[in-house]
Every structure is written in C-alpha cells, then in structure tokens.
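There are 6 protein chains.
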Amino acid sequence: MLEKNIHTILGCDNNYSESKIVVFGAPYDGTTSYRPGTRFAASAIRNESYSMETYSPYQDKDLEDINVFDAGDLELPFGNPAKALEQIEVFSSEILKDEKIPFMIGGEHLVTLGAIRAVTQLHKDLHIIHFDAHSDLRDEYLGEPLSHATVIRRCWDLVGDNRIFQFGIRSGSKEEIYWGRKHVHTCFYNFNDLDYAVDILKDKPVYLTIDLDVLDTSVFPGTGTPEAGGVTFNELLNAIKKISNLNIVALDMTELSPPLDPSGASTALACKLLREILLYVYR
Amino acid sequence: MLEKNIHTILGCDNNYSESKIVVFGAPYDGTTSYRPGTRFAASAIRNESYSMETYSPYQDKDLEDINVFDAGDLELPFGNPAKALEQIEVFSSEILKDEKIPFMIGGEHLVTLGAIRAVTQLHKDLHIIHFDAHSDLRDEYLGEPLSHATVIRRCWDLVGDNRIFQFGIRSGSKEEIYWGRKHVHTCFYNFNDLDYAVDILKDKPVYLTIDLDVLDTSVFPGTGTPEAGGVTFNELLNAIKKISNLNIVALDMTELSPPLDPSGASTALACKLLREILLYVYR
Amino acid sequence: MLEKNIHTILGCDNNYSESKIVVFGAPYDGTTSYRPGTRFAASAIRNESYSMETYSPYQDKDLEDINVFDAGDLELPFGNPAKALEQIEVFSSEILKDEKIPFMIGGEHLVTLGAIRAVTQLHKDLHIIHFDAHSDLRDEYLGEPLSHATVIRRCWDLVGDNRIFQFGIRSGSKEEIYWGRKHVHTCFYNFNDLDYAVDILKDKPVYLTIDLDVLDTSVFPGTGTPEAGGVTFNELLNAIKKISNLNIVALDMTELSPPLDPSGASTALACKLLREILLYVYR
Amino acid sequence: MLEKNIHTILGCDNNYSESKIVVFGAPYDGTTSYRPGTRFAASAIRNESYSMETYSPYQDKDLEDINVFDAGDLELPFGNPAKALEQIEVFSSEILKDEKIPFMIGGEHLVTLGAIRAVTQLHKDLHIIHFDAHSDLRDEYLGEPLSHATVIRRCWDLVGDNRIFQFGIRSGSKEEIYWGRKHVHTCFYNFNDLDYAVDILKDKPVYLTIDLDVLDTSVFPGTGTPEAGGVTFNELLNAIKKISNLNIVALDMTELSPPLDPSGASTALACKLLREILLYVYR
Amino acid sequence: MLEKNIHTILGCDNNYSESKIVVFGAPYDGTTSYRPGTRFAASAIRNESYSMETYSPYQDKDLEDINVFDAGDLELPFGNPAKALEQIEVFSSEILKDEKIPFMIGGEHLVTLGAIRAVTQLHKDLHIIHFDAHSDLRDEYLGEPLSHATVIRRCWDLVGDNRIFQFGIRSGSKEEIYWGRKHVHTCFYNFNDLDYAVDILKDKPVYLTIDLDVLDTSVFPGTGTPEAGGVTFNELLNAIKKISNLNIVALDMTELSPPLDPSGASTALACKLLREILLYVYR
Amino acid sequence: MLEKNIHTILGCDNNYSESKIVVFGAPYDGTTSYRPGTRFAASAIRNESYSMETYSPYQDKDLEDINVFDAGDLELPFGNPAKALEQIEVFSSEILKDEKIPFMIGGEHLVTLGAIRAVTQLHKDLHIIHFDAHSDLRDEYLGEPLSHATVIRRCWDLVGDNRIFQFGIRSGSKEEIYWGRKHVHTCFYNFNDLDYAVDILKDKPVYLTIDLDVLDTSVFPGTGTPEAGGVTFNELLNAIKKISNLNIVALDMTELSPPLDPSGASTALACKLLREILLYVYR
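Heads up: the sequence lines are chains A, B, C, D, E and F, in that order. If you want this note's numbering, it's the position in the first sequence, counting the first as 1, plus 68. If you want this note's numbering, it's the position in the second sequence, counting the first as 1, plus 68. If you want this note's numbering, it's the position in the third sequence, counting the first as 1, plus 68. If you want this note's numbering, it's the position in the fourth sequence, counting the first as 1, plus 68. If you want this note's numbering, it's the position in the fifth sequence, counting the first as 1, plus 68. If you want this note's numbering, it's the position in the sixth sequence, counting the first as 1, plus 68.
Isolated chain A, as found in the complex (with noise of 0.2 Å):
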C-alpha cells in the first residue's frame, strides 16, 4: 500500500514517543503593525530545509542521529490573539507533560507568551534569555496589550524583575527602554554581556527566545521590521553555543517574513540556525 511523502522539516522525522524535541510552527503575525508575513515562516523553512544538510561541520554532529519530531503548523485564528495563545499554550503544556522541549518557530514574536505561559506552570523559577533588535518592553501598543511590541513585558508579568536577559537591542520607545533599565537586564546592540548571564543562569531554568531581527539587516532582511547594526550569524551562532550548556526548558525562534525575502537567502539561514541550535540543545 502507498504512503504519503510526508513534509517535514529534514531531520526531524521522528517519532514524537521516542524524541525529546518537539519543533512545531505557530504561524501567527495577527498583531503585526507593518509588513505581516511570519504566519508563513514554518511551511517555508519546511519547504527549503529539503536543501540542508543534516551535518553539522560546525560541531561534526547530524541531526540523523539525534531524535526530533516535527509536529507541522498549529491552526490559529487571526483575529483573536487571545485564543491563538491559549492555543499555544495547551499544545506546549502537553509537549512538556511528556516531559520533552517545546521549539516554537514562529510567527510574530507575541507567540512566545503562549509557551512562557505554558512553561511558568512548571518552572516557577523560570528566566528568560531574549535575542532580539527590539525591547519589546511596552505596556500596551495602540490599546492592546497583547502585541508584538509588548510580548516580553507580558512576559515579565510572569516571572517578574531580573529574571529577563536581553541582548542585541538597539530600537525601542524612549519609554519603555527607561522601563527596561530598572526591571530587564538589557545589554544593547551585542553580546557582550553575555558570559555575566551565562554565570547567574547556571542553575536555573531557561528559556531562550529568539527574534531573528536581532541579525543584521544585511545578514536577516527577510523580516517586517529589519534593524539595522545588528549581529552577524556567526556572533549569533557564537553566544547560542555559549549558553547551550544551560538547562533550556523551552524555546523559541520568531519573525522570519517569507513574503519579504524573495532571494530564500534569509529563509535558509533560519533553517541552518535551526540545525545548529537543535545539535546544541539536544542532550
């Protein structure tokens, strides 16, 4: 009898039983202020994973050998952010049950609340490492409280002061970059602080989120809102390696535009990172 060809990130075609990664897109930018687009992140890094390797020369690892499954696209509705992230986080809450990690790649960056929330239940102790050009400290942006631009500051409603490390910063309202002063540890444009996290993070919970604009627009246009002087790949690929040794609960990689990267160059390297991120989360 004929089975179908199924379409799954490379690599990732395992069992869910026998993995101990979950990845799985959530493919929603409803909030999105500009350019929307993300919501078609997941299929596309699906689709253009069929031209990756699955090796790694970078760690001399393969993905082969490691054990992920690929849970394909949530199905959420766009005009109700409340309910996508009620959504989101029944379907992480059940991937941690089962006592593997949740990787979300998004959508919009406000995605990322559904799993915090998801994971907060668990780990009451939770910190939050955030890569991103962005603060995205705001109380509420345009009315709302649930958007894109408030995402972390939601997030801190969650686990509270000190408990958030952000890295690569450089945009944000005059506001809430003050806010973040007394309640983030923000440390702008770079990694540079990034050894002083890993130190305090050493036994606590972590969840890693990241928002691929932190890249330099040369390097990541492919995104609604680029950010000019950001990171290049392999400063990214370098601090991912540092903090791999801590215990990552969770985690998250957002706002990859399809529509906006005609050349598939962007979108390719969200797959590469995923590779690389996957081998060196994976124990």
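Just so you know, the hints here were simulated from the structure itself, not pulled from any lab data. There's no promise every hint is true.
Identical chains share a label here; the pair holds if one copy fits it or two copies do between them.
What the hints assert, rightly or not - The calculated lysine to aspartate or glutamate pairs, modelled on DMTMM-like cross-linking and capped at a C-alpha distance of 20 Å, are:
no., residue 1, residue 2
1, Lys165, Asp193
2, Lys192, Glu162
3, Lys165, Glu86
4, Lys242, Asp81
5, Lys151, Glu208
6, Lys151, Glu212
7, Lys72, Glu157
8, Lys168, Glu71
9, Lys272, Asp207
10, Lys129, Asp166
11, Lys168, Asp261
12, Lys242, Glu303
Model the placement of chains B, C, D, E and F on the given structure of chain A, informed by the hints.
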C-alpha cells in the same frame, strides 16, 4: 511660508466642508486567513492615482469638477477587530451626520461591518448591494464571529432577510450557500439579475459594497483569495452604471492587496474604478 | 500523544485504501528549456489549497463527500529524465494495480510520459485527450528525444495514429504541426471539435493531460512558456465537464510554475481547477 | 577560430543588406512620469524570444523564410529627450534610405516621434495608425513639449489634420480628448472603425505605432500605465491583419516594461506579437 | 469637522515656522543610466517610517523633542534635468532664506547640484563632504554635462579646488579618478581620513551629501548601482557622528531605489539613518 | 551599412585572435536540486556589466587596456548532463589549443567538470583551487554521479589525491567531509591556509573554480543554496590577489542565480568580481 505638498488621491483634494463624498482608508486585514496585505490598499491607491487622469471618457465628466475629500487613513489596531470596527463606525457616523457620503477603501472585507453599523443607525430600511466572488455568509470562521468570511452574515444580523443582494458569487462553503438561499438574494457568477434588483431597490437607501475579487483573476490578480471565473472590468463598470441612480448612502471597495500586485496593474484598475464610481455616484 | 498536523491538499486527506483517486506530485522540470520552476507546483498547490473552499457551487458537490488520497511528492533526480520517468511509471502502475485513478500534478509536461507508459500496460486501447497551447510533437529537441517539447510524440510512439486528440493548440514548429496533421487530431486555438471527440471516445479508456498553458496568458501567466490567444477559465471548465462522462482512467495537470506567479493567482486557479476536476471525474 | 554566439531576436539573424525589415531597440524612458522601465523592453524581448517558435500557425508562415535584421539597441542619453530623438531619427533615416522598413521597439512612446520625423522627410503624405489606451495629444506635460503624453500631438505638428487614426483610446485629459475631436480620428475602446480607416488609407504611406497598453490590463499588465477596459490579444491580432495590406513604410511597438512583468507573460506576448507583425507586414 | 490624516515622515510633523530642519523629497531619476527607481525614495521613506521608533538609543534623544518639518515631495519634470535642478534650487533657497536647514531626500545624486547652487549663493566659502561609492567627477556622461555621474564635478565648478572631501569611493573611470587627485580630497573605500577632514572643516560652512551606495551592497542592496566592498552601517553612523559638530548648513541623502528593495530592508535602513542624522545635526 | 550593436560583457569586446582570455557562458542548471536559475547568469552579467566601470581603483588597471573576448553563451541541452559536459569540454579545448585562457561563467557548479576534462588533457599535473561553501565531494547524489553536489569528486577522479585545495567550506554531508580529510586539502569557513597552498602550487598549472556561494549570504544572496557564515567581498578579493601570480591556466565562476537576485546586487557584485579577476589574471 512653505506649505506641505499634501499626499491625496488625485482629484480628491477639496475641503471637507465643501465635499459631498468623503473617501477614507480603513487599513485593516487582521482576520485575513491566508495572505494578508490589504492594509496597504488605500495608501497604494493614493500613490498610484498620480498616474491616473481625472477625466472619464466613459462619462465625459471630470473629478476636477466635483467635490470630494480624501481624509487619509484611519489608524486601526490589528489584533482587535472589535475595536477596529468601532473606530470605523464612529468615523463613518461623523461623515453621515454631516450629510456626506462615506466611501471607505479597505482593507479586508470585514471593515464593511463598521460602516454598515453606522449607516443602519440612520437608515433603518437599509438595503445592501454586494459584489463579490465569495458569499461571506458563514456564521463563524475558525471559531470567530468577526471575520472577512462572516462579514455579510453579520450585516444580515443588522438588516435581516431580503435586504441583501449578492452578485458575482462563485465560492463558499456548502452550508453558507444553502443558508443564503433562504435569507439573501444571490446571483451566481455574474450580474444577470441586476435589473431585477434595481427595480426593487428604486426607493430604498442602499449601501454598495464591492469586494474587488468579484473581478476575474485575470483582471484583478492582486487580491488575497482570487477566484477564477469572474466578471470583466467592463461588466463591472456597466453594473455600477446601472445602480448609480439608486439612493446610495454609503459605499466601499475592499480587498486590493498591493503586495500581491507586483506589476501595479490591479492597483491601477482600482484607481480607475474609484474615479468612475465617484463620478457615477456624485450628484 | 501528539500527532503531526499533516500537510495535504485540502479535502484530499482520506486513507489510501478507501480512496478512488490518488493525487501525487511529480516535481520534475529538468528539460525545461527556458524558465524552470514547475518542480514547485504540487507543493504550492498543497499550501495554497488552504484558502480554497471544498464545496463547488458549479456542481453542488463537496470534496468532503468523496474519497481522495494525496500521496505527496515523488523524489525525482533532475539530471536524469529517463530515471525520473521510470519512477513515475512505477508509482502510477501501483495505483492502477489497486484499481484507483492516478491524478498526477507536474512538473513539466514530460512527466506525462511516465504515467502514460503505466496506463498503456493496462489499457492497450488507450486514447489521449490533450489540452495545451503547444503541440509537443517534435521528434527531438536540442538533440534529445525526452523533452517537454517531444512528450506527446513519445506518447504517440506508444498509442499510434488517431488516438490523440489535441485542443487549444496555438504554437509549434512548422515541422511538428505538419506531422501532426497526419497522425493526431488537432483542434487549434479552442475546444470547437470537442463534441466530435467525445463521440469517438465514448467507449474508450481515456487519459486526460492538461498543460495549463492552454489557458490564455491573462488567465494563467504563472507558467514557463505562456502563449497569448488561449482559452478562458470557463471555457476550460466547460470542456472538462463535457468529457467527464468518458472513461477517464488516469489524468494529469502540468506546467504551473510558482516562481512565475508572484501574485499567487495562477496557483489559486490551479487549486480550483483541481477541485472541479476531482468532483467531475469521481464516481 | 571561435565566433561569438550573437544575441539576436530569434529568427531575425539575417544580414543587413539582404533584409527588408530592420528591427532595432530604442531603450529610452526618460520622460516616463510614473514608473520607468521600458528601456529594458528590447533587451527582454531578445532574451525571451529564445522560447518562441519561429513558425506561426495563424499565418502558416515562418520567420526562417523571411529576411529580417535585428540591429540591437541604440545607446540613448536619458536626460536629454531632444538628443535621443535626434539619434532615433538619424538611425531610422539610414534604414529608410536603404529602402528597408524600420521596426522600432520602444522604450516609452515618445521614441515614435524620432522615427516619424525620419519618415515624413520621405513621405510628405504620411498617415499614422495609432493603437493605444491613451490619446497622447497633450500640447505639453508638466511644462514639457517632449513627453510620452504629448507624442502624438508632436506627430500631428508634422502631418497635420485628418492624418492620424487612433484606436482603443480610453484615457486622456478632458482638454486633449476635446482637441482630438477636431484634429484626429479617434475610435474609443476598440477597433470598430478600422474598416473605415483601411478604406481611406488604401493608397497612402502609413506609419503604424502600437502602444502595447492598448491591450487590456489582464492581457498586458507589464506596462507603466495600464488601463482597464482594453482589447484582447485576438482583437489586436485581427486588427493588425486587417491593416497589413496597407503600405506600411515604418512601424513601432512601445511601452513594454519588463520590471513590471515578473511572470514574463507580457514579454512573451510582445515576442509573439512581434513575430506575427513581421510575418504580416513582410512582402 | 474631520481633518485629513496627514502623511508625513514619522516625527517630522511640526509646523514650518517652528522647525529648524526642513525635509523634502526630490523625486527625480531622469538621468539614471541603468535601473531607474530613486524617484520613489522619499515616498517609500514616508510610508516605511511608520514602523520606525522616534527614539534613538544611540543618542538617547527623540524626534518628538525636536522640530522638523516634512514638506512632502517636489513635482519635477523627468525629461528636463535643467528645469528640475532649477526647481530644487528655488525651493532650497526659500528654506535657507528662512534660516532653516534643508535636508533633501533624492532621487538620483544629480539633485544635489540644485541644492548646492542655492547654498553657494549664501555661503561663498562652502565645503562639501561627500560619502559615496562613485566619485561622480566625470565632466560629461553620454555627452551630457548634467548627470548622476557628473554631479560632483558640477559642484566643483561652483566651489573650486580643495573644497570637496570624498569618502568611501571605490568606483570611477580612470580619467575622473586621475582628475580627482588634483582637485578634490578622496579617501578610498572607507572613512580613514575623516578626522583630518573634520579638522580642516572646523570653521567652515559644510554641505553633507550622502549617496547611500557608499554602504556595502550587503547592507544596502536597494540602489541602482550597488558596489561591493563598502562600509557597514555602524561605520557610516560613526562617520556622521564625527562630523555632526561641524557647521552643516544643508544636506541630502540620495539613491535609495525602492523598486530594487523588495524586502524593504534598505528603505528601513534609510529611515533609521534619517532619524539618526536629524538627531545628530539638530541644535 | 548599419552594423548590429553587439551585446557583450563591457570591456570584453576584442577579437578572438588578439585576445588572451576567452570568457564564455555555460548556461546549464539541469541537476540543480532545489531552486534552478543559474542558467541565466552569463546573460545577466552581460546586461548588468553595462553599468560597471572598466577601470579598477584597486589595481589601477583598465579592461580597455587588456584583450579579452566574450564568446557569448553555449547552447546546452538541459536533460542531458553528459552531453552538456561534452560540449563544454570541446569548446574549452579549442580555446586552450589556441593558447588562450578559458574563463567560464556558470551555470551550476557541475559545468566545471567539462572544463577540467579539457584542461587535464593538456596539463597532466593540474591542481585545483576551489572556493565554495559546499565541499561537492559526494560520490553520487540522488543516485546520479553527475551533479552539482558531486562535481569536485568527479574532478578528483581526474587529478587524484592532494591536488585539490578547498577554501571557505562550511557545508556537506558527514560522509563527504570525512572522505575529504583523506583526499583533498580543505580549509573550513575562510582563506586562512591560503599562503600555504600558494607555496605548494608555485610551479604548478592551476585551475581556479569559484562557486560564488563561498561569499556570505549577506554579500551574495542571489544563489540557489546560500550558506550563512561565509567570507566578505574584500576577503575574496584578497584571496584572488594572493593566487593571481600562480600559473592559472583556466578558471570559472559559478552559481549566480539571477531569478533569486531581485535587487540586482548579486549580479552587480559578480560583474565587479569578473573585472577584478580578469585584471589580476591577465598578463
């Protein structure tokens, strides 16, 4: 003293007080389920109108000779359709209060609901002429009552049976098409029944809502859910001519998606249609 | 336990065993002489079908009510057309052996040859209905016998004279057009002779091959060698309706090229056509 | 010794001396008021012609059987329309002097003026057939007498009243349309009056200028100022057939804009049209 | 009474009279020799600035706290560079007369000449800082003295030897590069000599002209003649910081070409640079 | 008599007999496994070179002063890699026989094999310098021995152990990378070992093959399989300078894919690189 070179739809640069029609953009596409982008429609029309003539050889009339005010774009929150609709309603009400005709440029089709709410306050007997490829009569979509796919059903909530006349319809779920048979007048694929409708609507206040995907995909590819088998530009123009003697108290034109219009031809068509409608409806 | 959200053409998510039609992608464009890209067609249709309705107002039928299996895409080697055709033949044969109808989505038109080889094993009396802008009757192209430009000639090698009925043809070399006069039935530009063909083919096993460039360039620009002067969507739909009572034992739809379809309108049309064909052919 | 593989419009690779028609590109779009790009038209046609057949099933004739010389592109200065026109005039004059027919590929429509200047030196009695969406009869545009929007008016300066026959016109300023009523023959929207014109022009030297935006936007979106409501490809082809027995002493085809033709379908149509015109006009 | 929602660069919505800097667009690309499109730059920046923050973490300053007037775009004739430059000169003169700083957004680089003409009327001792990949020192280009490739030579006609300081240059004809050695100060590839220039220019009136292609192609691909081997965003930002204490009496930023920026990343960078320059230069 | 304006890479318009280097296009991408398009590279470079300067400020040399012949593009069959390679071999052999240096512009990387076959006939002792992101050392790919992914392995079949020096490698299967350790010299990520290689190769005949994806994705997005973490333009330029004194007997530059380069920046970079290489290698 230097004055700003104001950015306005060509020929719509009159003062508000002297104008009889008020054009405004409702740049909202927050519930778009597949490919967003209609939020940029009014802005694109404003830019592209620069290359349009103000004179219509079809009607031997000129935009320069009538008084229209282009109010620019509303600023709507993307993650909150209820609030976006509210703002549209308030804005439309103000125009209507001043005894002018609001002409809204979407955005996704959901924006129509905001304007219809405003109009039904004034015209209890409101009837709706609806040009579209999709019947938009679902009761909910992905669990949401407010959606581009439910908008005409929500309008029906306000105006009731036998008040809505649909033309050009060629797509829908089985359920909504069957529901429509009992509650609205639907003319599939074309404008064949239009004379009949004009006859019935002769003395009624009418809201005209045009989803531009009523046009064939060849004529109007620049939209999120193009549907083959639609009408030509000349057929649409003739239909508008036919109804232009009715008492049109408000109207809209929705679903142009500039990011899906790389040649600019769909945007140019929308500009031309806008001119023809303004010249037909103005009196 | 979590299950993968499987990525399938909308409404084609039945089990293999219960299905009567098996859709599969043959992502091959290795002989395309000018602008490649059809290899991405089936994948694009799978993505885009998300925004399609399963219900057809044209036929008052619903994909939800019939059993179709989407087998995903074959994995074909690009530099070796002979081997690619072999794999298509083997796959098609298996479907036919199980008394199901294979519905292949190209890829360039050459893929048809693989399926026809499988079908002629079973149906010695096979006839072919061929909708296309190009006659594809060359004996070789740039020295190669296996090419998108020779595919129907290669099919003629298998079925012989008076078995092939071409419609919509409006391009070819002088030599192949003259050759065609003696060996196949060619209806230029349109479907005018279709009734005649239907009459002849009444009791024959029929293979239907649709090169989507039979459509006018306005209707279907998203293809590698668009030809002006073609048929409309409604004309194509009517032609398919006319032949849908014949004994169609296998079929295909080829030459959608997503990289040449930046608006997505050609892909959306292909989805709609796929739905209508499935509903017409299914019994 | 190796020879260069010369880059030429397919089938137009004859020597200059043996050719009766000389095709050349006039890559100028320096006065284009909105979206430039027609400067790339002739080059794009040269590239795209690679995928065109030299044989016409419409006429049962083949480019291989006639003698046409493709002279490549002129090198024109963008900021100086007067000088660009001069160069076009000189080049056209040389072709005419050698008793050949110049067939210029624009560029914006202004280039026509250079060729007409050359032709009127030889043919004092020149008449012009003008296919276009726009009447191009302004006396000046943004203060400039030389512009794509004034080009036919400038031609009128040379040939005078009742010598210009326009077809397909559907856009213009009120002033130019009114002016046209008294000085040229204008057939709006279509080719309905063409027989009448053919009759008048029977024994006259004729210049044929085709602005490709005479075609409907669905058929030809790849142009800077597309106008809905135009003619189909078959209508244009029939019109050309009708006038092909006139004494056409020079001709042009303008306003293809490749940057606005991401699918390539408009360029492909221009290639096919070029082939058909060459085969019709050649004797 | 309703007011128009004015379309302005974010944070540049002050009144003319209270403003110290006046931003305006000079949408001219009429001499661009290869790929035009810079005419859309100012309009694109106006649209895209919507997604920019008004606050700069680099300077801890906010556009909301300074007074800048965005005057919109000039309306310039494309086929007549002399007249276009005249209009730019007149407009710039008016701003200067009111003791404000004109900040022009091109357009192609030629527009700089119009502004320089205005400034040299007031400041006989004017010096020019020129950031660019191309030296623009030709005496004529394709026979024309007014061209994007001759603009700095034309400025030299006005200011004379040793008044022009070029940085980042990495392209030019042999002739112009050799000519430059005797008449201007050229720093190739980077900003290494900038301190030297700042020292010399300490007490001089300075015009700053930035051709954005001084940036590396990776950082700024959205321009007509990108040149590999350029500077990074941070290097450009630091260079601007260094010169911001000079007496900058007028400035411009040219050569963004939105049609060549499908991802929007170059436009976003231009917005951010505009903000930083405004905050640096304002006093 | 009029002559054709020949379409040639700028500055490469010398006669064959007087030229020392012969540039030609090998427009083949028939085995490209993911996104094809490199077949258009040489043609795009020919067009784009129009906007390039012939003078290099890096070397103070000018293409006008050296003799290079641009032979245009070969015409290669897409479905038959063996035959395509044969044609490349024959063409390269002819150039070599005439004691000129062939400089091939791909196409996909597989084309290199055709040229290497020609060179190894003449130079039994041939060594290869290979700049690439991918090691291309697989023994077969999808069952095929001739593929862009196996090309350097096929070259190794001809030259044997210790003759191939790879630089910039950062992608490959585990198997090929391990195989490479024993048979070729591989420098990962950069050019660090280049001096060592130059030393060894001092007196050897050298073939230089540059897969342009050796560049970082930010620098060169316009290619089918971009790999983050690559070298900058200046690093590549310096590497070429370093090896330019070796005895380079033939060379190529592959994998530019114009359909993936919507801004044109990658094509412009390839033009500039071509100029610099020609000026470095020519003697």
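Cross-check of the supplied hints:
When the C-alpha separation of lysine 165 and aspartate 193 is checked against a cutoff of 20 Å, the pair qualifies only within one copy, where the shortest distance is 17 Å, while the shortest distance between copies is 57 Å. Taking the closest pair of Cα atoms, lysine 192 and glutamate 162 come within 20 Å of each other only inside a single copy of the chain (17 Å); across copies the shortest separation is 51 Å, beyond that limit. Within a single copy, lysine 165 and glutamate 86 get their C-alpha atoms as close as 14 Å, which meets the 20 Å cut-off; across copies the closest is 36 Å, which misses it. Taking the shortest Cα distances, lysine 242 and aspartate 81 sit within 20 Å of each other only across copies (19 Å), while inside one copy they are farther apart (45 Å).
In this homomeric assembly, lysine 151 and glutamate 208 come within 20 Å of each other (Cα to Cα) both inside a single copy, at 18 Å, and across copies, at 14 Å. When the C-alpha separation of lysine 151 and glutamate 212 is checked against a cutoff of 20 Å, the pair qualifies both within a copy, at 15 Å, and between copies, at 10 Å. Only between protomers do lysine 72 and glutamate 157 lie at most 20 Å apart by alpha-carbon distance; the minimum there is 17 Å, versus 30 Å within a single protomer. Proximity of lysine 168 to glutamate 71 under the C-alpha cut-off of 20 Å is restricted to the inter-copy arrangement: shortest distance 14 Å between copies versus 28 Å within a copy.
In this assembly of identical chains, the alpha carbons of lysine 272 and aspartate 207 never lie at most 20 Å apart, being 27 Å within a copy and 47 Å across copies at closest. Taking identical chains as interchangeable, the C-alpha atoms of lysine 129 and aspartate 166 are never at most 20 Å apart, the minima being 25 Å within one chain and 42 Å between chains. Within a single copy, lysine 168 and aspartate 261 get their C-alpha atoms no closer than 29 Å, and across copies no closer than 43 Å, so neither meets the 20 Å cut-off. Taking the shortest alpha-carbon separations for lysine 242 and glutamate 303, neither the intra-copy value of 27 Å nor the inter-copy value of 24 Å comes in at or below 20 Å.
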